[in-house]
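Asker: full-length UniProt numbering numbers the first residue of the sequence shown as 1 and each following residue consecutively.
Just so you know, these hints were derived from the structure itself, not from any lab. We put the beta carbon where it would ideally sit given N, CA and C, even for glycine. A few of these clues could be false.
Claimed, not checked - Cut-off 20 Å, straight-line C-alpha distance, at most; resulting in silico cross-link-like pairs (SDA-like, lysine to any residue):
| no. | residue 1 | residue 2 |
| --- | --- | --- |
| 1 | K187 | P119 |
| 2 | K15 | E80 |
| 3 | K187 | A54 |
Said to hold, decoys possible - Quick list of simulated restraints, FRET-style, between CB atoms:
| no. | residue 1 | residue 2 | range |
| --- | --- | --- | --- |
| 4 | T106 | T70 | 38 to 48 Å |
| 5 | S10 | R118 | 31 to 41 Å |
| 6 | A18 | A55 | 29 to 39 Å |
| 7 | N170 | P76 | 32 to 42 Å |
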Amino acid sequence: MSIDTTIGLSKEEFKSLARATQPGLLEYARDVLFDLRVIIMLAMMYAQPSNSLAARIRIHPSWLPLNFDTVALNDPNIVELNMAAIGGVSDAYNLAKLFSLAIDGTLLSNQTLAQIIRPTITNWHLEQVFLYPFVKGRGFFFEKHPVNRNTYLFGHPGYGCQALNIDFDNKLVIAYVSNGLKTGSGKMCRTYQSILRSLYQSL
Numbered sequence: 001m002s003i004d005t006t007i008g009l010s011k012e013e014f015k016s017l018a019r020a021t022q023p024g025l026l027e028y029a030r031d032v033l034f035d036l037r038v039i040i041m042l043a044m045m046y047a048q049p050s051n052s053l054a055a056r057i058r059i060h061p062s063w064l065p066l067n068f069d070t071v072a073l074n075d076p077n078i079v080e081l082n083m084a085a086i087g088g089v090s091d092a093y094n095l096a097k098l099f100s101l102a103i104d105g106t107l108l109s110n111q112t113l114a115q116i117i118r119p120t121i122t123n124w125h126l127e128q129v130f131l132y133p134f135v136k137g138r139g140f141f142f143e144k145h146p147v148n149r150n151t152y153l154f155g156h157p158g159y160g161c162q163a164l165n166i167d168f169d170n171k172l173v174i175a176y177v178s179n180g181l182k183t184g185s186g187k188m189c190r191t192y193q194s195i196l197r198s199l200y201q202s203l
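With the sequences and hints as input, model every part of the structure.
Answerer: Dropping the structure here:
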């Protein structure tokens with residue numbers, strides 16, 4: 001079974017990769033006005049002491065620029081690095097397919113699945129990178145299920161509004177990727193949250 005997902009894309013394959021774009025000033029202003037949590041999150045980030053994790057991320061290494069006019073992921077020298085946290089290359093279909101194989105028992109045992117589908121930190125706490133309250137566990141973020149409030153969706157938000165959520169009870173994987181990066185991420189990404197609401201309204 002073929003899955004088109006790569007961590008560390010070769011320079012030869014780079015030419016077929018869609019280029020990422022940052023949101024423009026108008027998009028940024030629109031997103032902030034629609035969701036004032038973005039301002040609160042940014043204020044908290046810049047108010048952190050210089051030795052905090054958030055501050056260290058803000059003054060990131062010079063070889064991985066994260067600013068309004070540069071997208072490091074458009075550099076073939078960056079994309080070819082084996083950095084799973086930022087260097088994964090795929091589309092929504094193949095990303096969802098990979099995680100579907102994980103939850104149907106093909107890639108992960110039932111014992112492992114039983115551990116990862118429940119959070120290990122069940123109280124809401126302020127996550128130190130996203131600076132947003134989350135329930136977490138074993139590398140995943142958990143949010144209340146849109147329909148069944150007694151259970152969770154779990155997955156991970158990504159840079160610029162990339163997103164993955166898994167509804168284990170319904171054996172459903174929701175993936176959203178876009179080369180047009182957005183202002184927010186996770187719960188503050190209006191585009192993905194709209195898709196998520198529409199999906200559950202149609203089920």
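Asker: Could you run down the list of hints and mark each one as holding or not?
Answerer: Verification of the supplied hints:
no., hint, verdict
1, K187 / P119, "17 Å, holds"
2, K15 / E80, "12 Å, holds"
3, K187 / A54, "19 Å, holds"
4, T106 / T70: 38 to 48 Å, "39 Å, holds"
5, S10 / R118: 31 to 41 Å, "38 Å, holds"
6, A18 / A55: 29 to 39 Å, "32 Å, holds"
7, N170 / P76: 32 to 42 Å, "39 Å, holds"
The structure is consistent with each of the numbered hints, conforming to all of them.
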